[in-house]
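Colleague: Chains as they are written, first to last, in numbering that gives the first Met the number 0: chain A, 0 to 334; chain B, 0 to 272.
It should be emphasised that the hints constitute simulated quantities derived from the structure, not laboratory data.
Certain hints may be false.
[To be verified] List of simulated lysine to any residue pairs, SDA-like, C-alpha gap at most 25 Å:
1. B/Lys157 x A/Leu32
2. A/Lys177 x A/Ser59
3. B/Lys157 x A/Arg153
4. B/Lys157 x A/Thr113
5. A/Lys91 x B/Thr178
6. A/Lys142 x B/Gly160
[Said to hold, decoys possible] Here are the computed distance ranges between Cβ atoms for each label pair:
7. B/Leu154 x A/Ala260: 33 to 43 Å
8. B/Phe246 x A/Glu132: 55 to 65 Å
9. B/Ile189 x A/Asp189: 31 to 41 Å
10. A/Phe18 x B/Ala112: 32 to 42 Å
11. B/Leu154 x A/His156: 19 to 29 Å
12. B/Ala151 x A/His223: 33 to 43 Å
Small disclaimer: the values here were computed from a predicted structure and weren't measured.
Ideal Cβ positions, reconstructed from N, Cα and C, are used throughout, including at glycine.
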Amino acid sequence: MNENTGDTILRIEDLAVHFPLGGGLFGGPRRLLHAVDGVDLELKRGECLGLVGESGCGKSTLALSILGLQAPTRGRIILDGQDVSGASAGRKARARIAQMVFQDPYSSLNPRQTVRRTLEAPLRLHGISASSEIEGRVADILKRVGLRPEHAERYPHEFSGGQRQRIGIARALILEPKIIILDEPVSALDVSIRAQIINLLLELKETLGLSYIMISHDLGVVEHMSDRVAVMYLGRIVETGGWEEIFTNPQHPYTRALISAIPDPFRRSRGAKITGEIPNPLDLPTGCSFHPRCPEARDICRAPSTPEFRQVGKGHLVRCRRVGEIGMPEKALLA
Amino acid sequence: MKLRANLLIGGVLFAGVVIAGIFAPWLAHTDPVMDANLMYAEEPPGQEFWFGTDAQGRDIYSRVLYGARISLTVGIVSQLINTVIGVCLGLSAGYWGGWWDDFVNGLTNMMLAIPSLIFALAIMAILNPGLTSLLIALGLTNWSFTCRLARASALSLKSQGYVQAAKVLGYGDLRIMLTQLLPNMLGPIIVIGTLGMGGAVLAEAALSFLGLGIRPPYPSWGSMLSDARDQITTAPWISIFPGLAIFMTVLGLNLLGDGLRDILDPQARARRA
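All chains should be modelled from the sequences, with the hints used to inform the complete structure.
Modeller: Right, dumping it as structure tokens:
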């Protein structure tokens, strides 16, 4: 199925992933865990979309669905013009469009394979058999990620964390995909190495025309790399917009709390802190799912049905019923 | 570097048994089955008969050498069958999970609940005694530990990033199991396999002792022990030497297994590094 999508490389429509829990012989009634619950998302060519939210909000499940490792319960995923939400779309075809860079460079490389095998095997699997071409592509990709050709014969334990992450990036790029999902690509690295990897990722994006979806807790990295930002809370996107909009003019109380939680040595007072735990996703609150923790919550927020998106600026959408009524956030957050 | 004594002693003992088995026709003084001579029955160990002779006047030294062939064949082949069955079931159960995992788990628990020697006895009682039946009986009854181990390894390895990466790269399930999971769980599997080989040698001896394994007059250490029961007070050498052979082989295999564990266990290796 081909659809004319123009500039959009990935479109997600009303995607939901529900996990059945319990049930079985003595498990009592089956309950559904709403890991992802109606997400609409668009990724443009050459764009980096930052996906932020606390642990358990469904960002990893969303990534797995895009890659085809987690079957969606409902909704559509359109990758490069092809609807891949059905079970028929093969892993292999999808592998040539979307790839992933993993968080932990220590567990993401097979300790028993040399770098060469790690990079060659996918090429062979995808039908490239000429050894000169394989050789050339491996050498080229190693050069692009800043490794030397002789590194190919080594095993992962001979490399440092930063070098391992470069190998992980090389593996993600070897099939020449169009979309790379970066799952916390630098959070397991030393601070001194992070900048190198971030710059490498930005450079590769430019030279290879890649699109990124970057999952991260680290708002500093998101701010530096993203063109657009989507904030997720309990399986839904609560706010999305250009990075400047999100960081200078956050509208949703959750986004504000996240941004004010960025440590800033020059700021005296702390912004509104969110208290409490993320609610049990098995037993979602009615209305806006953020209301039990929201400092601005009123009765209107507890009324059933999820708040719809409201447009507050160009491409800036917020799921909050009180968006106009809440005062402006503390100024000079980004001074 | 610390000398790994268990690996060294185990390796030497096991190598000795392997050499004895392979070169038995050249090392033996007489034919183990045909050269019975009642003139020399129950001779004590001496110049001519190193380990003495048995009630039929056969040279025990030659019979022990040929017995090594049977013990090794049974030990290695039956343990290979066990390892293949255990790894196939355990790896696929751990990786796929779901009803297949439940089924394999149930099967494994059942196998663990039945004493494996009794189960092998039952199989041998149905089949005709002989080498092939022994291999089948011992090869089908002792895979539960390997299966457990393979399943546990697969469970812990499948969440590793490189397995996820292989899925994202489009690898099929079978390819992931063979190229990503299996090489990373091989160390402990080899250790269990080596230790199990000692168990298989003992089980073969036990079955042959009970008359359900290798039938006399063919020289199996177990059947030799069985034959020697009546003379244990009058001619103890008839039972001592096959018994010693079993003891040395099993000890060698167990030490070898322990030594391999020290080498192959990545955590132990990391501690030394």
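Colleague: If any of the earlier hints don't hold here, list their numbers in rising order.
Modeller: none
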